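Now for the letters of each chain:
Number of protein chains: 2
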Amino acid sequence: EVESVEQLMEIPDDTVRGKIVFYNRKMNPDNYYTFRSYGDISVFRSKGVEVAAKKGAAAILARSSTYSIDSFPHTGVMRYAEGIDSILALSVCTRDADRISFLLKTFPKARLFVKTYCHTYPDTISYNVIAEIKGSEFPDKYIVVGGHLDCWDNSEGAHDDGGGCVQSMEIIRLFRATGYKPRHTIRVVMFMDEEIAQRGAKKYAEEALSKKEIHIAAIESDRGVATPMGFSADMPDSCYVALQKMTELMKSWGIWLVYPGGSGVDIGPLKAQGVPLMALVPDSQRYFEYHHCANDTHDKVNQREMQLGSASMAALIYMIDKYEWKY
Amino acid sequence: EVESVEQLMEIPDDTVRGKIVFYNRKMNPDNYYTFRSYGDISVFRSKGVEVAAKKGAAAILARSSTYSIDSFPHTGVMRYAEGIDSILALSVCTRDADRISFLLKTFPKARLFVKTYCHTYPDTISYNVIAEIKGSEFPDKYIVVGGHLDCWDNSEGAHDDGGGCVQSMEIIRLFRATGYKPRHTIRVVMFMDEEIAQRGAKKYAEEALSKKEIHIAAIESDRGVATPMGFSADMPDSCYVALQKMTELMKSWGIWLVYPGGSGVDIGPLKAQGVPLMALVPDSQRYFEYHHCANDTHDKVNQREMQLGSASMAALIYMIDKYEWKY
Chain A
1 EVESVEQLME
11 IPDDTVRGKI
21 VFYNRKMNPD
31 NYYTFRSYGD
41 ISVFRSKGVE
51 VAAKKGAAAI
61 LARSSTYSID
71 SFPHTGVMRY
81 AEGIDSILAL
91 SVCTRDADRI
101 SFLLKTFPKA
111 RLFVKTYCHT
121 YPDTISYNVI
131 AEIKGSEFPD
141 KYIVVGGHLD
151 CWDNSEGAHD
161 DGGGCVQSME
171 IIRLFRATGY
181 KPRHTIRVVM
191 FMDEEIAQRG
201 AKKYAEEALS
211 KKEIHIAAIE
221 SDRGVATPMG
231 FSADMPDSCY
241 VALQKMTELM
251 KSWGIWLVYP
261 GGSGVDIGPL
271 KAQGVPLMAL
281 VPDSQRYFEY
291 HHCANDTHDK
301 VNQREMQLGS
311 ASMAALIYMI
321 DKYEWKY
Chain B
1001 EVESVEQLME
1011 IPDDTVRGKI
1021 VFYNRKMNPD
1031 NYYTFRSYGD
1041 ISVFRSKGVE
1051 VAAKKGAAAI
1061 LARSSTYSID
1071 SFPHTGVMRY
1081 AEGIDSILAL
1091 SVCTRDADRI
1101 SFLLKTFPKA
1111 RLFVKTYCHT
1121 YPDTISYNVI
1131 AEIKGSEFPD
1141 KYIVVGGHLD
1151 CWDNSEGAHD
1161 DGGGCVQSME
1171 IIRLFRATGY
1181 KPRHTIRVVM
1191 FMDEEIAQRG
1201 AKKYAEEALS
1211 KKEIHIAAIE
1221 SDRGVATPMG
1231 FSADMPDSCY
1241 VALQKMTELM
1251 KSWGIWLVYP
1261 GGSGVDIGPL
1271 KAQGVPLMAL
1281 VPDSQRYFEY
1291 HHCANDTHDK
1301 VNQREMQLGS
1311 ASMAALIYMI
1321 DKYEWKY
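From first to last, the protein sequence lines stand for chains A and B. Read in order, the letters of the first sequence are residues 1 to 327 in our numbering. Read in order, the letters of the second sequence are residues 1001 to 1327 in our numbering.
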């Protein structure tokens, strides 16, 4: 049992060889922005498994990234550097992690047997799903808004990222319902394969480049469904100033947070083409109850919170469409 | 079936006499602050039942105040003016309200039979529950923080207002855990009988007056447990300016909303003594899923959101204790 990759590094290889490494760090509750704490634990997948493999470990068990004490193992993508043989790596729900830890402390000679039935199936062909309202003035200029259609494999993916897809589709419904005719083409994209290799995202950016499509903005909703707090923005300063002014008008419905930062994995590849990128930022307090586990089901999504997210994105897209970045 | 009290008023008494009045207004989804929409519907209890009684109605059914379509009747306090005979008044869950409305439209001659098993039991003696940390410098000056211990009768009252009580008790635990010795006496009060006649609140204010206890601030948490957004304040301008400066420091954990407005029903009677009053304001998007119905159970409270509320109140009390209102 170790709490960090650094701690494992200090243990001699001989002690580790043939053993199961148990990464058991609790998610740090000190961060208001819970994604920061997520990073601390997901390092067990991104780096911890590789270090354990190099030391000859038989397998790793990693405590799930959630504040809840529950029975859902939370998983996620895992990568090895070239030339490292993969070892068995399993996520352990927090309830079991606490139990295993207790047993190890009480019975230091305890042995753990691990058996898994997981498979990796061969790749199959899938597609981004795209819908749009043609722009009345600039049909060749695009504002793109989207989420991703795949989800982590043992759940419905309601928060990650069914909700983001629905919120994006809703923009088109809202514009139709209000009768607003956008000047630019509003394109809703449900990207494929965000979870593993971002092939949908890369393909979309490639096609945009080869077809010379000009994107004046891209917004992603992929941080769960909860009351929206604001937007994270990755864009030139001139646009950022306009964004601040636009969002100032949205304060009456709780849009108080605008900050320079990342956007979303799916729209990320558009950055190379100079597209101003944004992410819808909802309240993240409950996200890691659902993220990448079997608990991410549709009954956990609150309709009102989802609508507030759509409305916020719709309002922002309306302003960008109307004033471009000259607001 | 009517949508408003005004609409009922226009219907001749003869048509209403002996009938069941069905108030069926949906909760208005246009308000970001959901308490505003709550007012529209709770008027059926505060005024609608009286108007129906005067017109000789046999009973009223009132659609529940919630955005959800669910099976929980939501209730609340009901009052009659002197000299009006009470009639049967029932809350109908939104699912049934939609069904009754459909049936009335489809079969205009449909008849509805209503039977209820509700009782009002005789009053019994109960008490406010009070705990405090004595102030190191000004033991005779108080900062009071609290919620109410009673709840609407068919539920656990987790959001209304078990959570507010727990958040208030937590202030004492946090001060003990950090070793902070407050200058003023910090008093946690769990008020009794908020739901019906506010007898605990009135008694507390009376005793404060008769014992000449000086309260420099009072904070109430009674708007459900959710991510805190800020504080509502009912206080002199000089204090309000200090409050704005204090809360400015709390923006990094989402305290963005400070506004002049009501505080809480339990601390309200202290206003006559000139006490600066505040209410913790959490996100209200989900509150009316739980408010005054059997769904208000402890499994619906998120620990992290509850802790953020306590932490926000603790930080504010720390500043008031340290700087009084001279910040």
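A portion of the hints provided could be inaccurate.
To be verified - With a straight-line cut-off of 27 Å between C-alpha atoms, the simulated DSS-like cross-links for lysine-lysine are:
1. A:Lys251 / B:Lys1026
2. A:Lys245 / B:Lys1109
3. A:Lys251 / B:Lys1251
4. A:Lys134 / A:Lys26
5. A:Lys115 / A:Lys105
6. A:Lys300 / B:Lys1026
7. A:Lys134 / A:Lys203
8. B:Lys1212 / A:Lys26
9. A:Lys109 / A:Lys54
10. B:Lys1019 / B:Lys1181
11. A:Lys26 / B:Lys1109
12. A:Lys251 / B:Lys1181
13. B:Lys1251 / A:Lys245
14. B:Lys1109 / B:Lys1019
15. A:Lys47 / A:Lys115
16. B:Lys1203 / A:Lys300
17. A:Lys141 / A:Lys54
18. B:Lys1300 / B:Lys1181
Said to hold, decoys possible - According to the in silico footprint, chain A covers these stretches of chain B (three or more CB under 8 Å from chain A):
19. 1082-1095
20. 1253-1267
21. 1279-1287
Calculated from the structure, these hints are not laboratory results. These numbers were taken from a predicted model, which means no experiment stands behind them. We put the beta carbon where it would ideally sit given N, CA and C, even for glycine.
* To do: Kindly indicate which numbered hints from before are broken by the structure, ordering the numbers from low to high.
  => 2, 4, 8, 10, 11, 12, 16, 17, 18, 19
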